[in-house]
Amino acid sequence: MSPDKKTLVKMYETMSRIRLFETKLQEFFAAGRIPGFVHLYIGEEAVATGACAGLTTADKITSTHRGHGHLIAKGGDLKLMMAEIFGRKTGYCKGKGGSMHIADFDLGILGANGIVGGGGPLALGSALASKYEKADTVTICFFGDGASNQGTTQEALNMASAWKLPLVFVNENNGYGISCPQCKSMAVTDIADRAAAYDMPGVVVDGNDVLAVFEAVTEAVKRARRGEGPSLVECKTYRWRGHFEGDACTYRCDEELKEWMAKDPIPRMEEKLLEGGVLKKKDVEAIRARIEQEIKDAVEFAEGSPQPSPSELLEDVYA
Amino acid sequence: MSKKTYLQALNEALRQEMERDEKVFIIGEDVGQFGGCFGVTQGLYDKFGKERVMDTPITESAIVGTAAGAAASGLRPVAELMFVDFIGVALDQLFNQAAKMRFMFGGKAKVPMTLRMPQGAGIGAAAQHSQSLEAWFMHIPGLKVVIPSTPYDAKGLLISAIRDDNPVVFLEHKLLYGVEGEVPDESYTIELGKADVKREGTDVTIVATSLMVHTALAAAEKLAAEGISAEVVDPRCLQPLDKASILASVQKTHALVIAHEAVGFAGPGAEIAAMVAEEGLEFLDAPIRRVAAPFCPVPFSPPLEQAYIPGADDIVKAVKDIR
Chain A
371 MSPDKKTLVK MYETMSRIRL FETKLQEFFA AGRIPGFVHL YIGEEAVATG
421 ACAGLTTADK ITSTHRGHGH LIAKGGDLKL MMAEIFGRKT GYCKGKGGSM
471 HIADFDLGIL GANGIVGGGG PLALGSALAS KYEKADTVTI CFFGDGASNQ
521 GTTQEALNMA SAWKLPLVFV NENNGYGISC PQCKSMAVTD IADRAAAYDM
571 PGVVVDGNDV LAVFEAVTEA VKRARRGEGP SLVECKTYRW RGHFEGDACT
621 YRCDEELKEW MAKDPIPRME EKLLEGGVLK KKDVEAIRAR IEQEIKDAVE
671 FAEGSPQPSP SELLEDVYA
Chain B
2 MSKKTYLQAL NEALRQEMER DEKVFIIGED VGQFGGCFGV TQGLYDKFGK
52 ERVMDTPITE SAIVGTAAGA AASGLRPVAE LMFVDFIGVA LDQLFNQAAK
102 MRFMFGGKAK VPMTLRMPQG AGIGAAAQHS QSLEAWFMHI PGLKVVIPST
152 PYDAKGLLIS AIRDDNPVVF LEHKLLYGVE GEVPDESYTI ELGKADVKRE
202 GTDVTIVATS LMVHTALAAA EKLAAEGISA EVVDPRCLQP LDKASILASV
252 QKTHALVIAH EAVGFAGPGA EIAAMVAEEG LEFLDAPIRR VAAPFCPVPF
302 SPPLEQAYIP GADDIVKAVK DIR
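Order-wise, the sequence lines are chains A and B.
Per this note's numbering, the first sequence runs over residues 371 to 689.
Per this note's numbering, the second sequence runs over residues 2 to 324.
No lab work stands behind these hints: they were computed from the structure.
We put the CB at the ideal spot given by N, CA and C, even for glycine.
Be aware that one or more of the hints could be misleading.
No farther apart than 20 angstroms at their CA atoms in a straight line, the calculated lysine to aspartate or glutamate pairs in the DMTMM-like style are these [what the hints assert, rightly or not]:
#1 B:K111 / A:E662
#2 B:K24 / A:E503
#3 A:K504 / B:D204
#4 B:K109 / A:D447
#5 A:K504 / B:D22
#6 A:K501 / B:D22
#7 A:K504 / B:E20
#8 A:K501 / B:E222
#9 B:K48 / A:E503
#10 A:K504 / B:E23
#11 B:K111 / A:E682
#12 B:K51 / A:E503
#13 B:K111 / A:D686
#14 A:K459 / A:D447
#15 B:K109 / A:E625
#16 B:K199 / B:E222
#17 B:K111 / A:E685
#18 A:K534 / B:E20
#19 A:K501 / A:D476
#20 A:K501 / B:E283
Which residues of chain B face chain A? A few of them, derived with a C-beta cut under 7 angstroms, are [unchecked claim]:
#21 S62
#22 T67
#23 S74
#24 Q94
#25 K111
#26 D166
With beta-carbon atoms standing in for the labels, derived distance ranges [stated by the list, open to error]:
#27 A:E383 / B:H140: 32 to 38 angstroms
#28 A:T427 / B:K195: 40 to 46 angstroms
#29 A:K642 / B:E52: 41 to 47 angstroms
#30 A:G445 / B:P142: 38 to 44 angstroms
#31 B:K195 / A:E673: 43 to 49 angstroms
#32 A:K380 / B:D166: 35 to 41 angstroms
#33 A:F407 / B:H140: 23 to 29 angstroms
#34 B:G89 / A:K504: 32 to 38 angstroms
Sequences are here, hints too, so could you generate the full structure?
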């Protein structure tokens, strides 16, 4: 199954958009222009992109603390995201949530989440709602290797399979919690092996090959949509940056990072598209220029937006 | 109007809301054919089927989280945990997810879920099945906390809780399930955040919740025999709290005793006492007193458990100490 040219180009653009957006945040954070914490998705772009490329707007996702990639891949607005990360009133969450709590319910983005493993049970609820309302929508639950050990994730895997919910678990295995490598935090090497324990299909894919991710997740989404229940797709990938910006990464070595940077998902896709005649060099340049302008506009919007006022503190606590 | 137990009143509220709104569903352990551990959901599975009365694995985080996610997706779940003591394993989904989604997402989400949980000591269920934890939930912005003491209040408040667009924690004392009272047969609501004066009086205000409302009424009878007229005010909701009714009562009686089964230290009474001290000091002729459980886990042995639970005599003593 091969995606059409339009989808291929869109995936390439989405990955580029994520990379440029996150790189801009990296710059800003280093310059002290962003409050709080950011957890950057650089290096993992193929996972969010490949996974979301097969979804409709009505399909839903639950995200993680490292959520900017998911948000962009699901169609999130860069201006509203940037403004939120800057804490401005015009942001997605009126500045009330910040980087880890961005949501856009119109796009089926049920929120980034500051609690590792917090998204699993919420994804159950989202999938249950699809089944209850007899809608043929599917929910993707993104979760990391760290989150795979959390009790809530086990509960979500169990109940999703027991109730045959339209839910796809997309695991982003980047090999580390914060400093704890996967080999120390669990006995299994492939998180996908856990799928069998819940009687659902589990596959491992190269998380830096956007087409491989697209193929596996889309297959799982179709299965869920047919009413056959959940699946687990484990995407092996790597985060180039620390767990958070400011993380000295003393727990990793340069060789490992270099190895993974050589598997950068974006040039890999670019090469494929150039070789296949889907894009020409000038198209690539045009895409980059366009995205850079989008980000420039987003930054301008964010920086030109007002801060929220203390008088808004007690708003939106209750409906 | 007919005589119903607190349990029957809750059951009726659930049935009528599920008849009225097909987005309302029940989720919890053994809520289906088994009818719920205490029997609150009996008959509902037969009437509405497994699509709307859902039995889960033993998986509290998933129960609360599924309710939050489904509510955020447009449904109106009524989740049940078997004992409030089990909230510990599910607490993140309640206080970090359900309670905060609306605020964190800038007002875009709403989480219209109800979480029903039995509370309270007195049946020898021991430390991990007997707590009163309303103070925890009162403390979390984004949650509403409802704690009815009578069948009439239970039905009206549960219907209101289900219709409320916020996450509502609904706490039922186990020993109240069998208590009988007059309850309208038709559906009705009781506004959340409105206290009820259960007994009028002039000499002292006793603010009491849940089972302790009945204990306070018994204490009021004893006090009346000694010429002291006690007013019993039942907040019915702890979040939002009807401060105005409490202050109006204290303004009339000039004395306040707060009675609850939760542990006294940092309990719900601490908030009520601080509020009255801050906003009604000039009404008081005496210090505020709290009658509450001692600072220990709920003991098992019956004489110990009885010593643990505040009784009518404890309330009488507190009143006489300040009046």
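Problem - Unmet hints by their number, sorted upward, for this structure - result: Of the numbered hints, 1, 3, 8, 15, 18, 20, 27 and 30 do not hold.
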